[in-house]
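Engineer: Here's the letter readout for the chains.
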Amino acid sequence: MKIHIDGKEIKTKRPKTILEIARENKIDIPSLCDYSVLEPFTGCRLCIVEVEGIKGFVPSCSTVVEDGMKVRTNTPSIQKMRKNILELILTEHPSGCLICEEKNDCDEHKSTIRKVDEVTGCVLCPNNKRCDLQKVVQDVGLEQVSFPSVYRDFEIYKDDPFFDRNYNLCILCGRCVRVCRDVRGLSVISFINRGADTVVGTSLGKPLLDSGCQFCGACVDVCPTGALTEKAIKYDDPSEQHKESVCPLCSIGCAVEFKFQKGKFLNVEVSPASTANQGQACVRGRFVLRDILQSENRIHRPYLRKNQHLEEATWKEALDAVSQELKSYKPEQIAVITSTQMSCEGLYVFNKFAEQLLKTDHINRKNLFSPVSLISEISRKHDIAVPLLFKLDEIAEQDVLFLLDTPILESNPVVWVRIWDALSRGAKLITAGPLGSFADRFSSQILRINPGAEAFLLAGLSKQIAEKSKAKQFSSEKGFKDFKKSLDEFSFEKIEKKIGVSPDELKKAAQVLKKNKKTGLVLGTGFVSQPNSELKVQSLLDLAFLTDSRIFPVSTECNARGWDVIQSEFSDNPKSLQSILQGLRKGSYKALITAAPVSLPLHKGIEFLVVLDSYKGQYWEEADVVLPCSVLPETQGTIVNTEGRIQCLNSPLNVQEESKPDWRIISELAKKMGSKDFSYTREQDIRREMAQNLPAFKDIDQIKTRRKKAVFLRPNTEIRKKMIPLDVSRDTQKTNAKYPFHLIVINCLDHYQSCVLSEEIVEFEMFRNSQWIKMNTGDAQKYDLKQGDPVILESERGQVKGTALLSNSFPQGIVTVFWLPQRHPEMMSWNSTPVKIARGK
Amino acid sequence: MEKADRKRLNKLRANIIDSRDKEKTCITICGGTGCHAYGCVEIAQGFEDEIKSQKLSDKIDVRVTGCHGFCERGPIVVIQPEGFFYQRVESKDIKDIISETALGKKVLPRLLYKDPQTGEEIQKEKHVPFYKKQERIIFGRNGFIDPTDIKDYIALDGYKAVSKALFEMQPEGIISEVKKSGLRGRGGGGFLTGKKWEICRSSESSRKYIICNADEGDPGAYMDRSLLEGNPHSIIEGMIIGAYAIGASEGYIYVRLEYPLAVQNITLALEQAHEHGLLGKSILESGFDFNIHVFKGAGAFVSGEETSLMSSIEGRRAFPRQRPPYPADKGLWGKPTNINNVETWANVPLIIDKGADWYSQIGTETSKGTKIFSLVGKINNTGLVEVPMGMTLREIIYDIGGGIKEGKKFKAVQTGGPSGGCIPADMLDQPIDFDTLTRAGSIMGSGGMIVMDEENCMVDVARYFLKFTQEESCGKCVPCRVGTKQMVDILTRITEGKGDKKDIQRLQDLAETVKSGSLCGLGQTAPNPVLTTLRYFMNEYKAHIEQKSCPSLSCKDLIVYHIDPEKCVGCLLCKKNCPVDAISGERKEVHIIDQDLCIKCGACLDVCPEKVSAVSKHTGKEKERILKQHRKKKTEQ
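These protein sequences, in sequence, are chains X and P.
If you read the first sequence in the working numbering, its first letter stands for residue 1, the second for the next number, and so on.
If you read the second sequence in the working numbering, its first letter stands for residue 1001, the second for the next number, and so on.
Pulled out of the complex, with its shape left as it was, chain X reads as follows:
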C-alpha cells in the first residue's frame, strides 16, 4: 500500500503504525511512551499527527496506516499542541536545566555536585545526556514553561539492590510497568493512585525485594528519564563505547554489551541484537556479571607449592612443575575434571591433552545432571532418537506448556519470558511439582505431587492417555503393547497413593496434553536430579510420544550443551563425575587436574593436585599448582547455549594480569610435555580443527567470518520413536522418624567457576542467598529456629549447612537448599531424600 507522510510517498507491505513507518523513513516524530517491544500506550500524546479525513489529532504510535492515507507530522497546530503538552510534562519534572539558555555551556562551569540525591535539574541527574526527555525537548524546541512546576517530593527508594527509584523524575510513560507486566510477566510494579497523584509503585509500597522483583533490570533499561538508575553507574558519565559479548552465567547466553567510558569498564547492558534472549536478560547478566569479573578474589598469577607453602610462581615454573610431576604417574592414576563453564576450545584441547598426552580416560565425560545428555543416553539405549535442539522461539509458539518441577523464573528468567510470550498468546500452562512456583499463578492446572514422584506422575499421565483413548489410535506405535502391559499393575489407586494427585486431576491434565496441537514439555535445571532419574526420562519419552509433544530441555551452565557434544566425541564409554569422585574416595588416583569448582574428597591418596580456576575457591590453597584462567569475557572463546547456538565471547575485556585462557594453558602444558600437536596461537586455530573432527561443530570455524549470522550445532535430524516399557515398582523415598523432612535441591546456577554470586556480591545476597535453607515457619518453630539461624541438614548421604529462611506459605515437611558444586558435587542427586534438621553453630 501507498501512503503519504508530509507529502512524501511511502510504500509499505505490512500494516504498521504511522510512527513505525515514519521512523523507518527518518521522519522524526517525538514520543516518550512508545517503546519498540511494547504495545502502544498513547499516554504521552507527543506523537500526535494529523490524518486527512480524520478530525483532530491522532497518536501515530497506535494508528495503523491504511492505503492512501495522507499524514502530516509537523503542521503549526501540531507543533503548538506538542509544545503545550510537553510544557505540561515538564511541570511534573524538574525542568530548570531543560529550558536553561546556558545549558550548552553548563558542563564547563558546573562543579561535581551530582552526588546529592535531590535531583532538581539535569546537571544533578544520573541520566544526564542519556535522557529521552532531553532529546524530545530539543526536538520540539521548547524554550519556556509557562506553568509553575511542582516538585512532587516523593521518597527516593534506595534500599533495594542494584537500582534506585526516584519517582520525582518519573513522567508516567508506563514503560517500566508495561515491560514488567507484558514482557517479563511479573507485574511487580503498577500505577497507583489517581489523577495528579498517580505514581508508579509496588503493592502496598513494599520494597522491591518483598514484591517478587527479580531485578532483571528491564524497567531500568526502558526508563526514558533518571527515575530508575543503576546504582553502579549512577555517578558516571554516559558510556562512549561498547563491545558486544555473551553472558556466561547460564545456558541462554544472552547477548550483552560491555559499556566503556574513556576506556573504563562501566557496566553490562542488554544488547538489542535479535538473538536467543530477544533484548531481555536477568539480574546475573545485567547487574552481577560486572562485579564478579572484577572481583578481588580473581587469581592473577600462577601459584606453586614450594616447601609446603603455596607461593606465587612464574608460568614457566608452574608449567614445568606440572609437566615434570605428571610424567611420574601411570595414566590410570591421573584423573581430570572438566567444567561446563569452560569454552569449547578449552574443552577440546583439554580432552585432546588427556587423550594424547595423559592417555587417561578418567575424565568426566558424562553429565548425569544434564537433561540433554541423560535423554540422549537413554534414547541410545532404547534405539530411539528425538530432537533435543530447539529454539527458544519455539517455546513461545506452543499451545500447551507442561512445566515440570522447575524453578524456571529463578534459574533461567529468559526462558520464563518466552513461556510468558506463549501464555500471553493464549497458551495453556500445566505446572507440576512438590513445591509451589511462581508459574503456578498462571497455570490452568497445578499438579502438587509428593516429593520425588515426578516419574510416576509422567507414567500416570501416559497411562491415562493410553487407556482412555480409542484403542486404535496408538496401536501402531512401536512398543505400545509392551509399554501398556508394563503399567497394567499400576492402578490409578496406586498412582494416587504414590503421587498424591487424584485420578480426576490426572485425567484433566491428560486431556489438555492430548487434545492440543502444539505441546511442549519444558525441563529445567532440576529435572534429572533424582535417584530415579532414568525412569523419569523413560516416562517422559513415553509421554512425549503419546502426546506428540516437543521436549525442551533447558541446559544448566553456559556451555553445558557444548560440553555434552565435545566430551562424548572423545569416548565411547564415558565416565561420569560421580565415578571419578568414587575413584577419589577409594584412593584410586594419585594426581588430579581439575577445572571445575567441585568440593572434593581429597583425604585419600591425592599426591598432586592441579587447579585451573579464575577465582580463589574454597580449596585452592590445598592445590600443588594453581593455574589462573582468564574469565570467558576476556577471551575469544566460544560457548554453546541451550539452543545449540555457538557464540563467541569476543573478549570485551582485557586479560587480567597473568591469567590466560583455558585452552592456552593446556596447549602450553602440552607443548612443555613435548607434543607438537598443540601449536595453536589463537582460538580460530582450534575451531578449524574442531570443525574437521567433530561433526556437530562443522560450522564453528565460521564464527569469525560470519559474526553477524548465528552459527548452530549441526542438529541430529533423525527421529525414531518407540515406546519404552516402564518399571514402576520402585517406591519414592519416604520420610521417617529419624529423617522427617524431604529435601528438595534447587539449582539456580548462582555461581561462576569458584565464585559464588551471593558470597561475592552483597546486593545479590539480599536478593538470593545461596546459603538459604527454606522451610515452613511452623516446622522451624519445632526446632526453635528463627529467620537467619544457622541450620544443618543431615541425610544418610551427608550433610549441608545453611541459613534458615522461613515462610508461612511454604509446604510443611519439605526443606529446600540451593545446589552449588562447591557445596557438594553430588547434592543434586539428593533431591527428595529424607533429611533431618538441626541447629547449626
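Be a bit skeptical, because a hint or two may be false.
The calculated label-pair distances, taken between Cβ atoms and stated as ranges, are [as the list claims (entries may be wrong)]: (1) Lys-206(X) - Arg-1323(P): 32 to 42 Å; (2) Ile-156(X) - Lys-1556(P): 29 to 39 Å; (3) Val-37(X) - Pro-1260(P): 37 to 47 Å; (4) Lys-1632(P) - Ile-156(X): 50 to 60 Å; (5) Pro-790(X) - Arg-1323(P): 24 to 34 Å; (6) Lys-1633(P) - Lys-206(X): 37 to 47 Å; (7) Val-150(X) - Gln-1361(P): 50 to 60 Å; (8) Glu-1406(P) - Ser-146(X): 39 to 49 Å; (9) Lys-262(X) - Asp-1500(P): 49 to 59 Å; (10) Arg-1323(P) - Ala-710(X): 33 to 43 Å; (11) Val-150(X) - Lys-1501(P): 51 to 61 Å; (12) Gln-1361(P) - Lys-515(X): 54 to 64 Å; (13) Arg-1323(P) - Ile-156(X): 32 to 42 Å.
Hint data in this document are derived by calculation from the structure and do not stem from the laboratory.
Even for Gly, the Cβ is constructed at its ideal location relative to N, Cα and C.
For this one, chain X is given, so just place chain P on it according to the hints.
Structural biologist: Just chain P, lined up with the frame of chain X:
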C-alpha cells in the same frame, strides 16, 4: 421450577394475571434509594405487620416497588388500583392509611401533595405536576413492580419482546428495527444503537460479548441505579435481544459496588431469569444460548469509559486505551464487544414489542424516544424525570421541577454530569436533545441536571466540577492528568482573588489542549464546565480577576460578612452562634464582626432574624471599604 418455552411463558403470564384480583387494594411503597434514606423499609414493614395483625391480607396486598422518581417527597406510598398518592409518609400514618384509604377508600388530605403554586391538594399520582408532563415509558413500570419478583415483570408483558425477537425475527431484522427506531446511546455519546450493533454483528469471531454499562459515576446522577434497582428484568430483556441480534453468547453487567441494592436486585433477577429458562442454554427452547455475569466495579469514575471498563473486567487497572480499534472489533478479551448503557438496554424491549414506528414518534427529528434526567440542585422537586426528547429546559425545570428553591433566580443548569457544560438562563427555551446540547457546548451525558441559582458562583462551579474530573483522571495521558490540574490551580487562584488577566487566555489554551489532546472521553470533555462558563459567564470571571469581587457572594476569599450598625438590635444571636467567637458586643449593643477572626461560615447571616436582617455579605469595593474601616478601628484601639 420447569423451564418455560414460548407457550409456557404466555401461559405463565396469563396465569399470573388471572390469579391477581385487579380490584384488590394494593399498597405500593417506593423502595428506591431516596425513599430508603427516608426510612421506607420501616414503613413497609409497618404496613405488613399491621395488615397481619388486623388479618387483612386477603383484602390488601403490600408491594415494595422500584423508584417512583419523586425523591423530594419520599417516602412515597401509592394505593392501587385507585392510584391515591401519599407523600412524606411516616410510621404514625400507617394505621390511618389502612383504615381510611385502603379499606374505606377515603383520602387523607394531610398526606396529599399540595401544588406549591396553586395550593391545590392533589389526590392521584398522575395528576401531580411533577408527573403530569413526563412520559414515563421506561421508568413508569417501576412503580408497579416488585423488583425481587419476576412475576410482576412478566405480568406487565415482560419478556414478550424476547419471545417475539427469538421466534418471529431474524437478527438482521432486529437490528434494522432498532436502527429504524432512531434509538441513540443513553450513556452520553449518542451513537446510533442499531448502527453500533450492526458493526459488532459484522465483526467475525467465534465469540462475542455484550456489556451493560452500569458504572454510573456522575455526582448527583442515579437513573441507572434506579432502573437496576427498580426494574432489573427490563435490562436483562434488552440484553438478551441485543445478544441475539449481535450473536453474543455472554454478557456482563458492570455495576459499581457502591450500589449494593442494585447489585442485589440484578443478581436476584438473573437467578430468576435462569430459573424460568430466560437465560442460559437454549432460551425459551429457541436454541439460543446466552448468559449474563454481574461484575462489581471498584468505583473509579473512569471505569464508565468503555475501554477502561473492559480493562477493569479483564482484571487490570481501569485505563482507557486509544480507539481504534473499537470494541466492536477488539473489545473484551480482544473479542468483538458491544457495550451499551443501562437506559439504552431498557429501551430495547419497548422498541421490539411496540415497534420502531411507535417509538420514533416520540422525540425530535434526530433524537428519538424519552430521556431520564436526574433533576437535582437548587430545585423544588428533586427527583428522576423521564421526558420526551425535545422538551425545553424551562418545562423540565419549572413545570416538572417546580422551579427554583426559595423563589430565587435561576442562573444555569449543568447537564451531563461533571464533564457537561453550564447552560444559562437565556437558553431555557432550548429543546433538549443530543444535538442542541452539543451546540450549547454541553453534553447529554448520562442525564444529570444540576440546577443552579443566583447564589452559585460560576467560576467556583467550574472549579468544583473540574476538580472532580481532575481527581478522577486515571493518570494515563498527560493532557488530562496534568492539564486539568493546572486548570484547577488557575481556577482556584481566581476564586481566591489571585487571578491575573492572562489567566483567561491560559485557561482557554489549556482547555483546548486537554480537549483535543486527551486520550479518552473523560479528558476530552473535562474542560466543558470551564469552556461553557467562559462562554456564558465571562463577566463573572472578569469580576473575580479585575475587581476581585464575586458577584454571587459565594467565594469566601472575596467576601466579608458585615453587621449593619443601623439595623442591629443587639440580640446576641449571632454572637452566640459564631463558632470562632469573632463577634463582639453586649446585649442591646451593636455587634461587630472581627474580620481577622471571621472564617466566613455564614452562621451569623443564617441566625439573624428576618425582620432585623442586619447581617449581609459584601464583595469588591464594598468589601474593601468594610475591611479598611475595620483596620482603622483596630489601629485606633
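Engineer: Run every hint past the structure and note whether it holds.
Structural biologist: Structure-based check of all given hints:
no.	hint	verdict
1	Lys-206(X) - Arg-1323(P): 32 to 42 Å	36 Å, holds
2	Ile-156(X) - Lys-1556(P): 29 to 39 Å	38 Å, holds
3	Val-37(X) - Pro-1260(P): 37 to 47 Å	44 Å, holds
4	Lys-1632(P) - Ile-156(X): 50 to 60 Å	52 Å, holds
5	Pro-790(X) - Arg-1323(P): 24 to 34 Å	60 Å, violated
6	Lys-1633(P) - Lys-206(X): 37 to 47 Å	59 Å, violated
7	Val-150(X) - Gln-1361(P): 50 to 60 Å	56 Å, holds
8	Glu-1406(P) - Ser-146(X): 39 to 49 Å	43 Å, holds
9	Lys-262(X) - Asp-1500(P): 49 to 59 Å	51 Å, holds
10	Arg-1323(P) - Ala-710(X): 33 to 43 Å	40 Å, holds
11	Val-150(X) - Lys-1501(P): 51 to 61 Å	23 Å, violated
12	Gln-1361(P) - Lys-515(X): 54 to 64 Å	55 Å, holds
13	Arg-1323(P) - Ile-156(X): 32 to 42 Å	38 Å, holds
In this structure, the hints that do not hold are numbers 5, 6, 11, in rising order.
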